[in-house]
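Visitor: Work the whole structure out from these sequences, hints included.
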Amino acid sequence: MKKRNVYLLMSSIVALSVAFFAAIYFFNLESKIKPIVAKVDQGGTPVFTNALYGDFNQPLSKPMDVTKIDELIYVSDTSNKQVQVFDQSGTPVLKFGKEGTKEGEFKFPYGIAGDKEGNIYVADLYNANISIFDSKGKFIKYFDDKEKALKSPGGLRIFKNKLYVTDIKANKVYVFNLDGKKVMEIGGPGADEGKFIAPNAVTVDDDDQIYVTDSGNNRVEIFDKDGKFIKIINGSEDGKGASTFLNPRGVAVDSKGNVYVVNNLAHNISAFDKDGKPLFELGGMGTENDKLYLPNGLFIDDRDTLFVTDTINQRVSVFY
Amino acid sequence: MSKVKLGFSALFMLLLLSMFSAVAFAEDGVPPTSTNPGPGIHVGDIDNFGKQSTHRTHGNFQNNTNSCANCHSTHNGEDEMLLMKDGEYELCMSCHDGTMGFYDVTAPSGAGTFDDSHLSSSMHNVDSDLTVGSAPGKFASKSGDTAELECSSCHNPHGSANDRLLNETVAGKVFATSSVGGVPTPVPTGTKTITLELTDDPAFVEINALTGTGGLKITKSNGPKGLAGYNTVNDKIYYSQFCGACHDDYFAKRNVGSSTNPIPGKPSTGSPITATHTHDTYTHTTNSASQGRSCAACHYAHGTDATTMRDAAGRTVTDLLQLKDAEGNALFPTQEKAEKYMTDISEKGSSLKKFTNMAVCFACHGPNIAKGQIDPQFLNGSNQMLGRQFIK
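Chains as they are written, first to last, in our numbering: chain A, 1 to 320; chain B, 1001 to 1392.
Derived from the structure by calculation, the hints contain no laboratory data. Glycine included, each C-beta is placed from N, C-alpha and C at the ideal position. Please note that a few of the clues may not be correct.
Stated by the list, open to error - Covered stretches of chain A, going by a simulated chain B footprint (3 or more residues, C-beta under 8 Å): (1) 134-144; (2) 300-307.
Claimed, not checked - In silico negatives: residues of chain B with every beta carbon more than 12 Å from chain A: (3) C1095; (4) T1285; (5) E1327; (6) G1328; (7) Q1373.
Guide: Shown next as structure tokens:
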């Protein structure tokens, strides 16, 4: 080959590569590419793809919960007493809320969820209320908890126009219609089946089964759609042995029915199949990309992407 | 074409290549799988530390097989002991932030509060890399001085003979001493010296009524009990010794200062008072069990703010909000107004005080120094300020 051709070839490779990376960079495609790459690996174990860090001037501080509404990711930025919003690539696009007890203000923003209209619901553990914001972060109103049942709302999710919220001090899970009418109540304090000590998170699967992390008892309890206790997942063979969970927090179910539980003090996420059989673990203590350090909130979107809040590393890590 | 240019493009290619491989490499860093479960977790076994666990410290938490792993984990080969190196505050605050319902240290309790969002807050800044040796009133260099001020400076999460898991060893030495043959002698290890007035917390009756939760009982504290403890020393004095382990100078007889630390400004040196040894200037003996002498009479252990302090009539912000005038109008219609009233304007801040400003002094001295000027509604039958009953 002529020297000139070699140069031409090389420079075109260079140019192409530059263009390729530039495109990924400028169009924020990274998060889209990686899942594609990951998809090839059909092993089923999600891998770390990227992390969302807060606004440069105000990084996330003790992020406690995360949710995805439409294509945006909403994080309760608890110690900053606000909500930070990111696009999929991790670019902060919005934040709202400040410290206080008045409308639009927070003391301990915790569980966060969205309804069909794209409104954002934020549970405040200390203010003992749920605030509703529009998608631009404008305060609309408080959730109209008609019976004034809420004492210390923690975990919060909305499924099929029903709002599921854990009340940590009451040791209960309440289910409301979105107009505020209470339709069900599960639990009460205790270590027996169906009871809770400090329930921190709740989720619902495709069969309308309700999963509640019972943090104080180191387990996840599963109820049918009428609130009848079904079984326990605690890492032991049949859920009846000693728990391997360490301060379990966020819980979520993917499209296959696999259950993911955040182990706050083990700094990982344990995955189980439908029957509660252990599958794999993600994370482990550390500050590296795929590690977690006192993780708490967990959300799984309809593409089975996992979002987990990593409180000490001040980020939301994404696994796919 | 020149070799230089060739070299340059080759370099550029290399650069790009390494970028590619970096991405590929990152993709390789797959987290633990079922065949390789998260390295560094599930220790749960006591013998990692060579000890048999009889601890039941953190109640039902410690009673599960993973009790130690609740806070510790071991990395293969790495530091065997404790992996929460930098995150102790966060570790404790994973549970003590209200997400367990009880023992939320950011809410008012017998220990005060670690909340800094209200007016007049001050606290032991456990989250700020301060050293134990920076305590006001400390003088003797001790082995523990350069240690960071943390929750574990005061608490032993593994259990303690003392109530509230309070350390037996503070700042490197056994803090509690009693007189043996006239010589202050450290009490034997495992001796309970700090006894608190603990009662079942009515906010958690349901939990407290339960069985099968490993004996979990949620209690409220009203400070030291005030009874003779080990070797007839009153537990109020032990409590003061506890604080005095770091604030050496403040645990003393009035005006003696500390002969071992005669810095200018201390009464013991005879020169005018210029230094920061506040307690010499106006207050009392703190190594006494009489009312108003223990540190717990005037200070909280964690911190304070406008919502935890009282005025001389013993009222808190919560009490003020209930007050009505003759027409039934609220005297303090808003939280803001009540907190303003309770604001501490001291130059040094609110110093973890249980009473705002110098209200604690007035609660005892008021009727004497302001004879006949105090509205009788603030006095009890024996002409004492109503606030006095709250002083330990």
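Visitor: Please go over all the hints and tell whether each is borne out by the structure.
Guide: Verification of the hints:
Counting residues of the region 134-144 of chain A whose beta carbon lies closer than 8 Å to any beta carbon of chain B gives 0, which falls short of the minimum of three for the stated coverage. Only when three residues or more bring their CB closer than 8 Å to a CB of chain B does the claim for the region 300-307 of chain A stand; here the count is 0, and the claim is violated. Taking the minimum C-beta to C-beta distance to chain A, about 7 Å, the non-interface status of B:C1095 is violated against the 12 Å cut. The claim that B:T1285 is not at the interface with chain A holds, since no C-beta of that chain comes within 12 Å of its own (minimum 40 Å).
For B:E1327, the requirement that its beta carbon stay farther than 12 Å from each beta carbon of chain A is met, with the minimum near 27 Å. Distance check for B:G1328 against chain A: the nearest CB is about 24 Å away, which clears 12 Å, and the non-interface claim stands. Every C-beta of chain A lies more than 12 Å from that of B:Q1373, the closest at about 37 Å, which supports listing it as non-interface.
Checked against the numbered hints given earlier, the structure breaks hints 1, 2, 3 and satisfies all the rest.
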